[in-house]
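**Student:** Listed below, chain by chain, are the residues.
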Amino acid sequence: MSAPPEIVYDRAGFPLVWVEEIRSHIHWLPVTKIQLEHFLCEVGDSAFDAAWYDRILELNPRVSPREINERNYWKAFATGLRPAEAERFARWCGEDYALPTTSEWFAAYRALRDRSVSPPDWNGALQPRVRTLLARVREAWSRAGQNRSLPDTRAGHMLMRLGVLEWVEDAGNGQRWGGVGLPHPDFHGVLTNPDHGMPMRPLHPETDRLFYYGFRLVRREAS
Amino acid sequence: MARVLCPYCCKVHDFSKSLECPTFHWNVPLPFVRDYDSIPPLWLMTFGFKAYGKTTYLAALTLLLERMDNVFLNMSSESLDEETYEALRVMRAASKRVPESTPTGPLRPLLFQVRDFGDLGSRSLILHDLAGEQVESPGKMGESASALRRIDTVWFLVSLFNLQKDEKRRTIAELLQVYLRQMRELKIDVRGTNLVVVYSKADEPGFPEDLREYLGSDPLTAIARGDRLDQDVAFDTGEYLREMKRISDRLQEFTWTGGVDSGRSFINRARNEGINLVFSMVSALGERPTGGEMGHEKSPRRVIDPFLWALTLQGERASKSLRLVLDALPEENSLPETYSSDLWSRLTEHGEVTTHVLGQARPVSGPGQAPPAPRAGGRSRPRLVGPILQACSPEERLLVLTDGPILDLADFRDSEWTGRLLLAATREEIPLDWDQFETFRSNDDIGFLINRLLSL
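If you're matching them up, the sequences are chains A and B in order. The first sequence begins at 1283 in the working numbering and counts up one residue at a time. The second sequence begins at 13 in the working numbering and counts up one residue at a time.
Just chain B, with the same shape it has in the complex:
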């Protein structure tokens, strides 16, 4: 079985023994594990303030996906677990009522599988739907932090209507500020993240006529509404994606040129943070409900667009593969015993971590396994790194923590490794000639080393 990342905690576990996530104690659906190679995961997150329409949007999207076999004849989709099925059932329960907002509590993602979606293939969706309260109250997302670090694409829901009408007036730039602050608190690196700005409730006034025209001419609305169809719907994926890209550019222009309060500041800030920004607009209901009640059947518009963006952008942000190499002479080590496990734990927040000791080619622990505690009086191994490097693949990054000179390190000076290996010496007097080098003492912040490694 291939290495499978748990959809709940995002760590690698041995699912051949048990399907239970050891962190959250939820069972991982068997199809997710079994089909991991052929149906790769797509990690998504919704982000937006309370009442911006996240839940309504998800209800409309998943319903549309279940009906997309009217477009792609071989396509199928299903909830992967009871919890997702139940959550979607609740979301869709009242056809004329707006669903309740997202419940707060431990962040359990929706697991949804889409097979044979035309040219775009098959995906297992891992969808984290953040409650509005979790967004607005710093610290409430902490327990689910590890799960959020794997996110490829964020659906950043913005309701221009709510921005203008809510009692607490905010701007889109402030919403981004909240997102960035949360990510910083959770120590999540946002560089390279795909942020799909989803202008929700786009049926409300405020958008230029050409954009409203786009919204109103969605070829999939009949499917989304559940209409009986006499014939299959003609849908050219390539042409649809090109039009979607044109609309993204048009929405960006609209945001930049004053259509959205603080829009220019928002775009500039996102660019400065290295975020990949695209725009879309949706209406999950087709009209504004009055007093929580709908006047017509729901008539969703363009709800497929953020999903298509996620599919096409996915893969541009690869997960990091990291190796932690520790000194093999624990009795001489000047760092506390807990240091290796702390360092390992922090590194796992940023990717899969394999741990070695200097002088031993075989890892002491694989991805998802904490390194064993150093043993006093254990075998002292010569400080050698070459055989470890030889087993690494080209995309891997190494953090090597040493308490003394590494005998063969000079062999790799001026090689490809100079940009991929961060060397941290625990004492200043250690003679180490290496470009990426830091002296590191027991009272130094681990985060500093990790940031240095991630910047390689």
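Looking at chain A on its own, in the form it has when it is part of the complex:
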């Protein structure tokens, strides 16, 4: 059987990287507003209309890729979506895409937190504004990470730390959805540490619209 490619791209042209420890590809960054906008422009679902997106932008305004810096980079990400809406986005990406489970997310995190390698160069496969966004987020995270003496590892490059809280499927714990990751404190102050391997438990994940919650997807290898 041939080895899976190290990098694949989703329908909006954003990269996912292969993580052997979970036998899946995982989005390089939390899903961005640009990816969400591709989704909005392609689905015929009236639930995702202009008013819906206005509400999302009220919670966490949009920033253009060229204007991303260490004080605003979290605005690039699609936050404020409920888990069911994130699942709808995953279905649009493809049948093998899904929100990660808690164990998948932490397994990926543990595999990446000490991996000191440079980010991929993407081989020129990115659209110009995607390339700009990835480069500006990388620069912004580096500055933010240096200020907090975070190690310069792949988990940081992928914003598993100093990013947003991310929805994960947390089956078997009374409710289906949990939160992982570590948001930038200027975005949302919350006491959590991904090194502890313990997800946050939001009270009303199905109904609340939490501005600091985003998500990334895994693309599971076909069995």
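None of these hints come from the bench; they were simulated from the model. Remember, predicted model here, so these are calculated numbers, not experimental data. Take the hints with a grain of salt, since some may be wrong.
In silico contact screen, one side only, chain A against chain B (beta carbon under 10 Å); selected entries [what the hints assert, rightly or not]: (1) Ile-1316; (2) Leu-1322; (3) Asp-1490; (4) Tyr-1494.
According to the in silico footprint, chain A covers these stretches of chain B (three or more CB under 8 Å from chain A) [stated by the list, open to error]: (5) 398–407; (6) 414–423.
Just so you know, even glycine gets a beta-carbon here, dropped at the ideal spot from N, CA and C.
On the provided structure of chain A, position chain B as indicated by the hints.
**Tutor:** This is chain B only, laid out in the frame that chain A set:
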């Protein structure tokens, strides 16, 4: 099947369902559609006053093309429809008489296919032969305007003999003025057009001896005349084209230095209009007929030259690919409902138009299809343009009409799109930071927006 432009109305239609042009209700020949990719169209137009020899020239040229298999052994040519066949038959009917002038009426082009023309390949010719009366009377070409916007090359027939002898004295500069006025009235952009000045009836006195020598030494005259040939004619295309270019320069010099009345003014004006000018000289008959009757068999001279110019110049003027992007919130739109269809209709005069609404990646109508009327109460989509831009090819131009801020427009500031996207806001208070930007109200002239877009 590739996207096929109708040879009659120049719009894209789905010819897999019917070969009938929905605008003019003429049937498009199947070979034209079937071979569209391998035998691309060449859009031509003759332009000249009555009795300048357009029809005579076309009769001589098409006859020569049919006989060019004496030069290019694999070459073939044929009329693509009955109407062309009949028109050519009428043109050639009397070998010793000058053909009647072009009939007036709806402008139906001649469709003629030339295959394997040496190194110059194969082409489907779409030839609009404008009647002299249509040229002289403004407005008579209106009904065929859409067909004329695709023209790559104009054969601009000028008879120096007629300019000097006609009762109504004119100059070549005035002839150009008439052409430009007509094009303006038809809203046809002449910039980049190839204008081949064809000095017709060049057997008449008035040309310098070296040019007359060129005319008289045409290696293809025997073929054009239909002589029986014992052996194939040796013809070096490359060398012929080089000599043709030299003669073009020589004719331009002749025109510029006083050989042609108002010649300098003509050349200057054409250059100022952005027209690509070349010169040629032909004699379709080989002598001046007396009282409409010929004294000898026709002996055409250099009638292939304008055709070769058209083949070699073609492709330098690419057709425009345009996208119209409309606002998706019709209930809030401050423009009349008919505005999108009016705008679309006017844009189709300048190229193929695909229509979108903001916030929807999939087009609402493809080339050749009018956009659907806005639906009150339809789904309101967020004003987003990025996924539309991502689907566009590098040569496309976009006109985006919006009634509010576009959420992701700033992502493309300072990108290649700043020179290719014209943004038109329907209200002054809309905050839009974009280089190519206009405020546009319902009583403003659509033509202004279109000219701005075409200038990008």
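**Student:** Give a verdict on every hint.
**Tutor:** Comparing the hints with the structure gives:
no.: 1; hint: Ile-1316; in the structure: 7 Å, holds
no.: 2; hint: Leu-1322; in the structure: 6 Å, holds
no.: 3; hint: Asp-1490; in the structure: 22 Å, violated
no.: 4; hint: Tyr-1494; in the structure: 21 Å, violated
no.: 5; hint: 398–407; in the structure: holds (count 4)
no.: 6; hint: 414–423; in the structure: holds (count 4)
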